[in-house]
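J.: What follows is the residue order along each chain.
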Amino acid sequence: MTNELTLYLIIGAILFSLGVFGIITRKNAIMVLMSMELILNSANINFIAFAKYGGMNLEGHIAAMFVIILAAAEVAVALAIVLNIYHNFRHVNIDEISKMKE
Amino acid sequence: MSGTFNILGVGILTWITFLPILGMIAILAIPSGKDEISRARSLNYFRYITLGITFIQLILTLVVYSGFNFSMPGINDASSMQFIERVTWISVTGLPMLGDLKIEYFLGIDGISMPMLLLTAIVSTLAVFASWGIKKAAKGYFAMYLLLVTGMMGVFVALDFFLFYVFWELMLLPMYFLIGIWGGPRKEYAAIKFFLYTLFGSVFMLLVMIALYFAVGSFNMFDMMDPSKFDQNSILAGFGTSWRYIAFAALFVGFAIKVPIVPFHTWLPDAHVEAPTAISVILAGVLLKMGTYGMIRIAWPMFPDAVQYFNWWIGLIGMVSIVYGALCALAQFSVGKRDLKKMIAYSSVSHMGYVMLGLAALNTEGVIGAIFQMFNHGTITAMLFMIVGVIYDRAHTRSLDDFGGMANKMPVYTAIMTIAFFAAIGLPGLSGFVSEALVFLGAFKTYPVLTVISGLGIILGAGYMLWALQKVFFGKLPERWSGPWDPTGKIYKNDDINYIELGGLVPLAIVVIYLGINPNPVIGMMTSSVNHFVELIRIGGNFAGM
Amino acid sequence: MNWYNIVFYLFALIVLVSAAGVVFSRKMMYAAFSLLFTFFGVAGLYVLLNADFIAVTQIMVYIGGILILIIFGVMLTSKFTDLEIKSGTTGTVQYVLAGISTIIVAAALIIMYLNVDWVQNPVPELESTVKPIGILLMTKYFLAFQVAAILLLLAFIGAAKIARRK
Amino acid sequence: MSHDLLLKISVVILFLPLLSFLIIVFNQKRLGKAAGIIGTSILGIDLVLAAIVAFNKFVVYPNEAIIQWKFHWFSLGNRTIDLGLGVDNLAAMMLIVVTLISFLVHLFSTEYMSEDKRFPRFFSYLGIFTFSMLGIVLANNLLNMYIFWELVGLSSYLLIGFWYEKDSASNASKKAFITNRVGDLGFFAGIMIAFFTFNTFMFDEIFSQIRSGVLPFESGTILTAMGILLFAGAIGKSAQFPLHVWLPDAMEGPTPVSALIHAATMVAAGVYLTAKIFPVFTADALTFVAYTGAFTAFMAATIGITQNDFKRVLAYSTVSQLGFMVMSLGVGAYTYGFFHLVTHAWFKACLFLASGSVIHAMHHAMHKLHDHHSDPQDIRNMGGLRKTMPKTYLTFLFATIAISGVPLTSGFLSKDGILAGTLAFGNLSGHWLIPAMAFISAGMTAFYMFRLTIVSFFGDFKTEIASKTHENNTQIVLPLVVLAILSLWVFYSFNPIDASSGWFAKAFKPVETVVPAEYQFDFMMPYHDAHATESTEVSHGSHSYLNKFEEELHHQHYTAMFLSLAIAGFGILLSFIFYYYKKVDPDKVANSIKPLYLLSYNKWYIDEIYQKTFIGGTILLTKLMFWIDTYIIDGAVNGVAFIWRIFGTFVGKFDNGVVDGLVNLSGGVVGFSGSIVRKLQTGRVQTYLLLSIIGVILLLWWLF
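Protein chains in written order, with our numbering: chain S, 1 to 102; chain B, 103 to 648; chain W, 649 to 814; chain D, 815 to 1518.
It cannot be assumed that every hint is accurate.
[To be verified] Taking beta-carbon pairs under 10 Å as the criterion, some of the chain D residues facing chain B (in silico):
1) S889
2) A983
3) I992
4) V996
5) L999
6) T1436
7) F1440
8) A1450
9) N1452
10) A1455
[What the hints assert, rightly or not] Covered stretches of chain W, going by a simulated chain S footprint (3 or more residues, C-beta under 8 Å):
11) 657 to 667
12) 707 to 713
Hints listed in this document are in silico derivations from the structure and should not be mistaken for laboratory results. Think of the CB as a built atom: it goes at the ideal place given N, C-alpha and C, for glycine as much as any other residue.
Could you build the full structure based on these sequences and the hints that come with them?
T.: Structure follows, in structure tokens:
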């Protein structure tokens, strides 16, 4: 079988593809958000994997940490927006939100 | 004092010329505003920026004036030009056909540009007051306005023919938009007519410029004026050749369209009638002068032989313009829409005829009279157009039939208009008289008959001006104007002229009266240049054995 | 097949299955809970990769923070009484196309990973990564750290502002 | 008093009225009625100063030709344009005339204009007029003269059009200005010839250059032309035929204005100019001037006989008297021409102010009767005013006697001299038409002036209005009295029948001509031509004459006096027969010579002729020019544009059909594919993401 690094990378790739699929197919904004979290996690797996096997060491950890920070910020803002949209439209289906006014 | 004045390491003439561009950038950077309040606020910013910039320009021009040496002739002598700024602008070597192409950024002034510089600064500052009422797309308007000012200033300070041409064309574009967007009902027609006419003239100028370039090998105006710099094999070398006459005629037509002289004048009434007030002011006050300035700066010193050859015809054209323009102005009372503005536009044709006549005199009195007439026509006609603007803004008509009896409704306005109209007639004590008298005294020495016939213009001028004065102010007030102009009192609190309009008119009136009593400040700065100019043309022309 | 491998495959399975659950489940609450498992599995993988600090961070931030937020979001934007909190999809054509293309992407990535001869440069094992990461954050990445802090602050202020009703 | 001080005072005299104008014009609302007091008192000071200057000139420097001051106005580099002012005897006398009449008119107007709503403005205009007029008086060069000449035109324009609500007033003011402009064009052409030839505007320099033989274009004909062209300014300003038409219309202005401008001062400016440039007139020019004056005098007198408007009669009488003055200068009777100017100024101002007094009274009476339709100026509405307005009547009567040339008045002295001059001229040159016209005009003057007096003041009240009039107050009457007294003979010569022994004739001795002998009448050439300076010393005796003309004039004196007395007496008698005793019905006489009557009544149809020819012609010409402008020049421009448009359309067709066809084909393909692609443009992020993924896949596929 192949080495361990490749295994981790494959897990990341599959996670990534699932995330992309989710983003494309889901109507609900919160679902889109969740899918995005998957993508971010796939990226983090890669970072940590390269940290151990690719010689990035702690630099990879730091990068992953920043990704987590950003994800937190992103989710906070995104959910606030979603809530706002919900107040205005009474639903959060993105394909029906065509007017960005107000 | 021939040294250059520098501010922040940049010459003062450059500052004067390009300051409006800075203002334009500032205006473009300010948002127009979305709601009523913010729009009104930005409109005020636009106005005050434009006013501020032109005012600083005026101050700088006065600084230049204070440092100006009255005794340096200039004209064809680069060493006695003042405030020179000279750097290489475009330099390409080893071109096929052309060889080395070198275009300089070459600025400088002499006694002929100085009055024009002053005039431009004064008129463009005061015309801002006439722009105060512009509401539609104000951002674009004021930006274009400042661009126009740069173009005009540039024309008067450029000493490189190519640079001159660039400024000349630069001023076309904003003018086109200013007439075409902010104009009256037939603005598109007028704007296109103006544009095509002027472009037509520019083509001639461009051709001659290129021909001169091939003959001289540089775009430097002084080289073009120096017969020894001409390549002996070029078609323009030597004196008194038919190629030179053709080149002069083409150049003359190019400038004449701008003046305008009969029969190239028909763009002027249309452009004036359609243009907004401030643009009419600029058009009559400064733009028309560029034509005659070009003649004095370029056409005359470069082709003195041709000037002598064609001189009688130039005088004739001047005479025809005077009489013909006056007759057409007078015709506004018997035919057409009796448009006051059109009448004044034709009066401009007539008054610019005096400039041509003075130039044709080719003596000190005549040429000084011509240049002084350029200055005076600039101030007086600016006043006239502002005056028409004032009444048009209120009554929304310019037809002389609609008015009458305004003297009781608007006494201050009447007083100002009387001053302006009598200045246009050439009443002594006002500046127009001095220049017209000098033109006549000079021209009489050269062409007595033409001059005496031109004198008819004085009578006709009195005719149409007094007729207009009577129609607007005297007699009975028509029923429709018996109430206040603006019953709500929002725009016009009083019936009489307001302070902003006075802000534009009173300084001009002061200039007109002051120069009528003491013309020295303007005449003084041009005397040595003009004497040199006359000598140059007379000797240069005789060189060809004329 | 050693202990390490068994644990690894277990976590990998948890991650993949729960991720598929996130993406494919029709009910949003299920999706949210699947996401919990995904995060947990990823945290496990981090531990296997000797990234103890990140693993803890993953659990605390993702599970303790983000996931809670998402669940709140789900519940606030749905009618509470409605048990069937479903999320529709964007259309069949798109669904199929998305499926095909993501599979291709995944396949391509996997084939690529398998064919690449990775430069292996294993690092020395560390007792704990917490201290060195702390030193790095206070020295080399100090600026980035501060910026991230400010960013977070701003994001939360912004979120509060946006979420508040006008 | 030194020259310097004298000139400084002259400058002050010149600018005081301008000060009055500036003070009043900027404070119209604030000053109100005070404007009248300010204006009048400033003019009073001016009058005192003028008297001082004149006294000094006549007593201290009687033999200096001119005390003058020149300065550079501006420089043209190699030449300067000079201005200046000077006081000679003419100017000194004119200073008195202008300031005194202006002062009296100011005083008169404080009452006359008191009900006008633009009262302050009226006084400011009077101020600027006086300033301009004094400028003409003090000019010692042509350019100064021209500048103030035009300013006088402006102030006249403003004052005639003072009641601009009336169309007739604003038309009259315009007509006055433009008619004057025609004359001014000639004047300016003359100035141009002078400047071209002599390179100066100064009178004394021009004279000395001509004396030394410098002629324009080396031609006596051009010198004649120059003289006539300069005189054209006088034709306009002094209302000589053919430019006299503006003066009667100018009566639309307020009556004090008529008295000041259109009787005493401004219209005299032309005569003053002619007197100033008198030395440059050649024989031909003099003849031209003489005929112009004689014809004007004659024509205006014939018109004056039949007019019914009080002020119009006076206006035509003014034109006629101005004709006398001009004729007098033309025939060479320089002294008497100027003398008549001065005497005429007094009595004509008196007549006009008296007419103002009458009109004022009529106006008030009409106001009392609530009559707004009658014409207060029509003499047919008057009659019997002698009873209600005795002071006005007496002064008016005295001025009428003076203008008719009855002995013991100033008018007799001056007119007598003029008539003697015409006789002398006729005798010496053979132009007998001039004295003939002069004597007939003199007779007619007496006739119509007495007609005016009798119809308006004698007899019974013709209307109720006339009976309700009453005498005006002191501000109006005082100027009349002063002016009437000044029309007595004693102020000019103690001998009531011969002015030549009086101080006036001595102060204004004939000036020598500077024209070369070959272009001048030999009788005008000085006797002492060969040795100029010596003979002036010698000529002291009682019978020393400048030239043959002077001698002849002296000889013709008594002939002229008897003739003129006879003819004036005949005119007065005739008017008493017609209008007082009514022995002959004037209407019957008029009917018997209908065509002549109509010719006179309609002012020789000159206005109509001008309307048809000059004005109509100009309007036609303007229409023609504008037609050319619109249809030919602009038509050509638009035509070129049209041709280009057609060409453009053709090119456009080709472009559309062939060139664009290909372009459209490719465009169509793009458009078609675009219509497919645009379906992908859903505006949804998710679709885009999908597409980008597909794109990435395709890219990868292409890469590997």
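J.: Please list, smallest to largest, the hint numbers that this structure does not respect.
T.: none
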